[in-house]
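Undergrad: Take a look at the letters that make up each chain.
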Amino acid sequence: MFGYEFMREAFIASTFIAITAGIVGVFVVSRNMSFLSHTLSEIGFAGASFGILVGISPLAGMILFTLVSSIAVGSLSTESSRREASISAISSLFIGLGILFLSLSSESSSYATNILFGSIVGISSTEVHQLLILAIFVIVVFIICYKPLAFDSFDHIGAQASGLNTRMLSVIFLITLALSVSIGAQIVGSLLVFVLLTLPGATARYLVHSVPNLLMVSVGLSLAGVWLGLYLAFVTNWPVTFFISAFEVIAYFIGLSYKNWKLSH
Amino acid sequence: MIEAKNLTKKFGKQVVFKDVNFKIDDGEFVSIVGRNGAGKSTLVKILMGLEKKTSGKIEMDHHEKIGYVPQFRNIDLDYPLNIEQFMRLNLKFTLNPQKRRQNNKNVQSILQQTNLMDLRKRPLGLASGGEKQKAYLAQALVGHPKVLILDESTASLDVDVKVQLMNLVQKLNREHGLTVLFITHDSDLTKRYTKRALLFENHSVESIGVDEISEDMFE
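Taken in order, these protein sequences are the chains called X and V. The working numbering applies: residue 17 is where the first sequence begins, and numbers increase by one. The working numbering applies: residue 180 is where the second sequence begins, and numbers increase by one.
One or more hints might be untrue.
[As the list claims (entries may be wrong)] Straight-line C-alpha distance at most 25 Å; calculated PhoX-like pairs for lysine-lysine:
{"#": "1", "chain 1": "V", "residue 1": "K300", "chain 2": "X", "residue 2": "K163"}
{"#": "2", "chain 1": "V", "residue 1": "K202", "chain 2": "V", "residue 2": "K244"}
{"#": "3", "chain 1": "V", "residue 1": "K341", "chain 2": "V", "residue 2": "K325"}
{"#": "4", "chain 1": "V", "residue 1": "K341", "chain 2": "X", "residue 2": "K275"}
{"#": "5", "chain 1": "X", "residue 1": "K163", "chain 2": "V", "residue 2": "K341"}
{"#": "6", "chain 1": "X", "residue 1": "K278", "chain 2": "V", "residue 2": "K300"}
{"#": "7", "chain 1": "X", "residue 1": "K163", "chain 2": "V", "residue 2": "K284"}
{"#": "8", "chain 1": "V", "residue 1": "K278", "chain 2": "V", "residue 2": "K189"}
{"#": "9", "chain 1": "V", "residue 1": "K271", "chain 2": "V", "residue 2": "K244"}
{"#": "10", "chain 1": "V", "residue 1": "K236", "chain 2": "V", "residue 2": "K300"}
{"#": "11", "chain 1": "V", "residue 1": "K232", "chain 2": "V", "residue 2": "K192"}
{"#": "12", "chain 1": "V", "residue 1": "K232", "chain 2": "V", "residue 2": "K325"}
{"#": "13", "chain 1": "V", "residue 1": "K192", "chain 2": "X", "residue 2": "K163"}
{"#": "14", "chain 1": "X", "residue 1": "K163", "chain 2": "V", "residue 2": "K232"}
{"#": "15", "chain 1": "V", "residue 1": "K236", "chain 2": "V", "residue 2": "K184"}
{"#": "16", "chain 1": "X", "residue 1": "K163", "chain 2": "V", "residue 2": "K271"}
{"#": "17", "chain 1": "V", "residue 1": "K278", "chain 2": "X", "residue 2": "K163"}
{"#": "18", "chain 1": "V", "residue 1": "K374", "chain 2": "V", "residue 2": "K244"}
{"#": "19", "chain 1": "V", "residue 1": "K350", "chain 2": "V", "residue 2": "K231"}
In short, the hints are calculated from the structure, not lab data.
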C-alpha cells in the first residue's frame, strides 16, 4: 500500500488530521459544541466552493468561511437555545450558497463530490504540506492553552470564578475548531468531518475519567479509525469516509454499552 | 477585608442597589440575605469581576483570591471527570517536579479535610447532591482562596447533608481564617453558623444581627 506516493501522503495527512480532531473533539463535546462543529463543516463546503469559484484554493476558501462564521456564531449568543436556532438558520443559508457557488463555477460535479465526501486521491503534495502546517499550529495552540482551556471546557463556572479570561479562551477555541474542520474535511469530506470531531471525544467520556486520559483515548480512536479506513479503502476501493464513520460509530456504541454495563454492576 | 463605599449597580434604568456601604473583616463568617432579585448574586458577580459596578467603590485586600461554591453547575450524568480530577482543574500547570509534588500533597490534604478521600475516583456526574457540593468546595480550596462565597450552596440538600457541609465550612473558617460569605434563604442555618448578616432590601444593604432575622426577609 505504501508503494504508492498518494497513499503515503494520504497516510501522513490523515495521521495529523486524526491527532488534531482527536484533541479538539474532547473539548468540542465538553463545551456542548457538537452541533456547531456539524454546521461549520457545512459552512466549510460553501467556503470550498467559493474558493473554486474565485480561483483560490478550496482549503483557503474553507478556512476563510469557517473562521469568520465560527467567530460570528460564537459572539451571536451565549445562550445555548438561541444559539442552536441561529446556527440552524446560518447552516441552511451556507449549504444553499455552496450549491450556488459550485453551479456558477465551471468545475465538474466530481469536484463537489470530493469536497463533500472526501477523497484520498484528490489531495496534492502541496496540500499535504499546508495541512501539516495547520495541524501542527492547532496542536501547539492546544499545548500552550491546555490547562486554562481544560478548566473552562470542563467547568465553565469554576474557570470564571478563578479569574480566567473565558471569553478569550472561547475565541481561541473557535479559531482552532474552524481550522480543524477545514483540515479534516480534506480527507474525510465536509459532510462527515464532524464524525472525527465529535465521536472519538464522546466515546472517550464513557471509558475514562481524567482530561489527559480522555485526550489519549480520543486521539487513539481517531487514529485507529483513519488508519483502518485508509487500509480498507485501499483494499476494497470503497470510500474511506464510509469506513471511518462506521468504525467511529461502532466504537461509540461499544463505549455506551460498556458504560451502561458498568452502571448496572 | 472587603469594603463597599457608595456602591451602586443599575441595569439600564433599573436600580439593583444604590449607595451601599458595608465592611466585611478578614476571617468573618457573614450571611447575605434578602428576597430573590434583591441584588445578592449581582454583588457576588461584581466581587468576582464578572459584572461591572455602575459607581462607587468596592475594595478587597491584595485582590484576594475568591473560591466560589454555587448551587448548580453544568454537571450532567455523563460528566466524565471523577471528583479528584474535577478538583485538579483548578491547579496551575507546572513542569517543576517540586511544585507538582506540592500540588499533589495539597490535593490529598483537601480530599481528607472534605471527607472525599474514599470518593475521589467517583465520576462527578454520578455523585449525590451533597458530594457534588463538597467537590465544588474542594475545587475552590485547591486555589488557596482567602474568601469563600457559598451561593445558595445548601439550597437543594437534605438537612443532615446541609449541616455536614456547614460544619466543614465553619471548621475552615475557624482553623484557616477563611472569610466566608454565605448567601442563603435558610434562616436556621444563618442563625446557627453566623453572627451577622447583610440584608439586601429596598435597593439598600443593612448590617443586622442574626437574631433580627425573620422569615419574611426571604419571601
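Undergrad: Starting from K232 of chain V, check that the Cα of K192 of chain V is at most 25 Å away, please.
TA: holds (14 Å)
Undergrad: For a C-alpha distance cap of 25 Å, please report whether K236 of chain V and K300 of chain V respect it.
TA: Between K236 of chain V and K300 of chain V the Cα gap is close to 44 Å, so the pair fails against 25 Å, i.e. violated.
Undergrad: Verify the proposed pairing of K163 of chain X with K341 of chain V, using a straight-line Cα cut of 25 Å.
TA: violated (32 Å)
Undergrad: Holds or violated: K350 of chain V and K231 of chain V, Cα atoms, limit 25 Å.
TA: Status violated; Cα separation ~33 Å.
Undergrad: Regarding the pair K163 of chain X and K271 of chain V, is the alpha-carbon distance no greater than 25 Å?
TA: Roughly 7 Å separates the two Cα atoms, so the pair holds.
Undergrad: Verify the proposed pairing of K374 of chain V with K244 of chain V, using a straight-line Cα cut of 25 Å.
TA: holds (24 Å)
Undergrad: Sort out whether K325 of chain V lies within 25 Å of K232 of chain V, counting only the CA atoms.
TA: holds (22 Å)
Undergrad: Does K163 of chain X pair with K232 of chain V here, judged by a C-alpha cut-off of 25 Å?
TA: violated (30 Å)
Undergrad: Would the hint linking K192 of chain V and K163 of chain X be met if the CA-CA limit is 25 Å?
TA: Measuring from Cα to Cα gives roughly 40 Å; hence the hint is violated.
Undergrad: Would you mind confirming whether the straight-line C-alpha gap from K341 of chain V to K325 of chain V stays at or under 25 Å?
TA: With a Cα-Cα distance of about 22 Å, the restraint between K341 of chain V and K325 of chain V holds, given a limit of 25 Å.
Undergrad: Can you confirm whether the C-alpha distance between K278 of chain V and K189 of chain V stays at or below 25 Å?
TA: Roughly 44 Å separates the two Cα atoms, so the pair is violated.
Undergrad: Compare the distance between the alpha carbons of K278 of chain X and K300 of chain V with 25 Å, and conclude whether the hinted pair is satisfied.
TA: holds (14 Å)
Checked against the numbered hints given earlier, this structure breaks hints 4, 5, 8, 10, 13, 14 and 19; the rest are met.
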